[in-house]
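J.: Take a look at the letters that make up each chain.
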Amino acid sequence: MAEAIAFYTLSALILGLGIMVVSARSAVHSVLFLVLNFLLVAVLYVILGAEYVAVIQVLVYAGGIVVLYLFVVMLVNLKREPEQFSDPRRLGKLGTLLAGAVLAQVIGIAVYSSTRGTTQPVAGGLGSDTPFLTGNTEQLGWVLYTSYLIPFELVSMLLLVAMVGAIVLAKKHL
Amino acid sequence: MLEITPLHYNLLAAALFMIGVIGVMVRRNVIIIFMSIELILNAVNINLIALSHQLQDMSGQVFVVFIIAVAAAEAAVGLGILIAFYRNKETVNIDEIQLMRW
Amino acid sequence: MVDTIIVPLLKIAVLINALLVSVTFLVLMERKVIAWAQSRLGPMRAGPYGILQALADPIKLILKEDITPAKADKYVFTLAPIMSLVPALVAFAVIPFGPDPFYYISDINVGLLFILSVTSIGVYGIILGGWASNSKYPLLASLRASAQLISYEIAVTMTLVSVILTAGTLSLVGIVEAQLESGIWFGFIQPVAFALVFIGGLAETNRVPFDLPEAETELTGGFHTEYSGMRFSLFFLAEYANIIVISAVVAIMFLGGWLRPFPNVAALSFLDVVPPWIWLIGKIFVFLYVFIWLRATLPRYRYDQLMALGWKLFIPIAIGNLVLTAIAKVAF
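Protein chains in written order, with the numbering used here: chain A, 26 to 199; chain B, 107 to 208; chain C, 176 to 507.
A couple of the hints might just be wrong.
Cut-off 27 Å, straight-line C-alpha distance, at most; resulting in silico cross-link-like pairs (DSSO-like, lysine-lysine) [unchecked claim]:
id	chain 1	residue 1	chain 2	residue 2
1	C	311	A	197
2	C	239	A	196
3	C	239	C	249
4	B	195	A	196
Covered, in the sense of this in silico footprint (three residues per stretch, anywhere, with C-beta under 8 Å from a C-beta of chain B), are these stretches of chain A [unchecked claim]:
id	stretch
5	28-41
6	51-64
7	68-81
8	115-122
9	128-136
10	162-171
11	179-189
Computed from the model, here is a short list of chain A residues facing chain B with C-beta under 7 Å [said to hold, decoys possible]:
id	residue
12	45
13	93
14	110
15	139
16	142
17	151
18	195
Since the hints were derived computationally from the structure, they do not count as laboratory data. We put the beta carbon where it would ideally sit given N, CA and C, even for glycine.
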């Protein structure tokens, strides 16, 4: 019962804030709604028992990536309205309609497939053998450093390359 | 209706995904397009965590951590490109960024 | 129902009241200590020895006129001080004042990361405060302040990882219990991490010697130039509340939290008559005094020196400390 109330309020707020992100006139307001959206999604993760991922979401996503967006919005401080010119070949309304149709299809498929029986826990999946560890952090760490070690190293290389790339792109004089 | 199954999380994620897609299609400010892409990534993350909770498999959460890391890298590089472009052309309207169009 | 909703709400009410009152007294303490360091007496008029100055300052700020600049974005202008104060208060939800669940609001498994993530939300207050004022000096100051904050956040987070390795857990209660088990405070096992987290904490809260973003002589008040009255008092409260948070975190991680000195030595057990929360508050006071002492003594860093220190000195030391801790943890 409490979970249902929490889920419905959270999802209403998340979707409402998402719509505000997409439709706010000023870019700074958009960024602020995005921060709130991410904080609420982190709360949703806590409800689902993934508290480490929730804290990482706040620390990295809401506290790092969106700060980056806010910096760029402030540095790109334009005199004229950024969205004045519009390509006449745009078909925005048709696109929105198609997106709505695809959403209705996806909802239909999801509801139909959920009436066909529930899924069972996968035995022998790569990350399913950690019930001996308590705590979300320990379980995540165990799986990350044993089964997923190579992707972990690759992601660290990716972050290094992205860091070097971002610095080179944004520097004025090399 | 009162019991929250992974179907509810799927529907929430699908709706958030579509909001992000509409944002990418309709808005012309490049930064808002980037932020809509982050919404799309978040929708996928919600789906993964919900399924990881239901199937009791940590792979979903590991995947989410990787997605967050990759989103950080992509945001940094994308905004770097945007700043480099803005220095030349003084605009962030995506309809005016059309040097390489036909 | 009672102990999942009513009792935590009561605890939150008590904690927020205690925090806000202690922040006003911290402002007075700073003025007094700096005055004594400069051979003068500080505020002496309001009440005996100036104690009621802590009450007079908030009343003055509340009664001041509330000015909003003409072209400022008024929603963001009001939101910025709130986004600065709330994370400082929320971080106290996981700080334990004693071993019993009565002494803390909640003990989550990822308590230390929770504090770090909530502190990184506090950066928004500074950025938005500068931007919403719609004027040049606050904008520049807020960009500098937020760049400084996120640089030192990286150094502090990496250093705290080595402390987490030593303790073996992320929850704050668990870290103090680990210090109880090992018998030594972590400040002695990890002196480099202690120094680094303390100095990083100085930079995180914009205190001297890293207080260029709000230096009055350089930037006419920094990001809170255009703020007056109640909104300015929220920024002010946020800064001092952040100081208390950083002091509490350093006291818990490195100085044993609520443990008495030499917690495992039975000969000193006559010290157990002092309740655990008094030990923690005493340690927090020590750090608050050191913060204020540093403000009275040190000159401030230039901005490029500050950033060079954070990126080129602290982050390599933090990474080196982490590697050494990991090696020591495996070898012994």
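J.: Next, verify each hint and record whether it holds.
T.: Hints, verified against the model:
With a C-alpha separation of about 22 Å, the suggested pairing of residue 311 of chain C with residue 197 of chain A holds against the 27 Å cut-off. The straight-line distance between the Cα atoms of residue 239 of chain C and residue 196 of chain A is roughly 45 Å, outside the 27 Å bound, and the hint therefore fails. A hinted pair counts as satisfied when its Cα atoms are at most 27 Å apart, and residue 239 of chain C with residue 249 of chain C qualifies at roughly 18 Å. With a C-alpha separation of about 16 Å, the suggested pairing of residue 195 of chain B with residue 196 of chain A holds against the 27 Å cut-off.
For a cut-off of 8 Å, the count of residues in the stretch 28-41 of chain A with a CB near a CB of chain B stands at 6, and the three-residue condition holds. Counting residues of the stretch 51-64 of chain A whose beta-carbon sits less than 8 Å from any beta-carbon of chain B gives 6, enough to reach three: the coverage restraint holds. Counting residues of the stretch 68-81 of chain A whose beta-carbon sits less than 8 Å from any beta-carbon of chain B gives 8, enough to reach three: the coverage restraint holds. Note: the stretch 115-122 of chain A has 4 residues with beta-carbon separation from chain B under 8 Å; the three-residue rule is met and the coverage holds.
Residues of the stretch 128-136 of chain A lying with their CB closer than 8 Å to a CB of chain B number 5, which satisfies the three-residue condition for coverage. Evaluation of the coverage hint for the stretch 162-171 of chain A: fulfilled, as 5 residues show C-beta separations to chain B shorter than 8 Å, against a requirement of three. Given as covered by chain B, the stretch 179-189 of chain A passes the check, having 6 residues with a CB less than 8 Å from a CB of that chain where 3 are the minimum. Proximity of residue 45 of chain A to chain B is violated relative to the hint, the smallest CB-CB distance being about 10 Å (cut-off 7 Å).
With a least beta-carbon distance of about 6 Å to chain B, the hint placing residue 93 of chain A at the interface is held under the 7 Å criterion. For residue 110 of chain A, the shortest C-beta to C-beta distance to chain B is roughly 6 Å, which falls under 7 Å, so the interface hint holds. About 4 Å separates the beta-carbon of residue 139 of chain A from the nearest beta-carbon of chain B, less than 7 Å, and the hint is met. Given hint, residue 142 of chain A at the interface with chain B, is violated; its Cβ is 12 Å from that chain's nearest Cβ, farther than 7 Å.
The interface hint given for residue 151 of chain A is met, as the beta carbon of that residue sits about 5 Å from the closest beta carbon of chain B, less than 7 Å. Interface hint at residue 195 of chain A: satisfied, since its Cβ lies 5 Å from the closest Cβ of chain B, which is below the 7 Å cut-off.
The structure does not agree with the numbered hints 2, 12, 16 stated previously, though it agrees with the rest.
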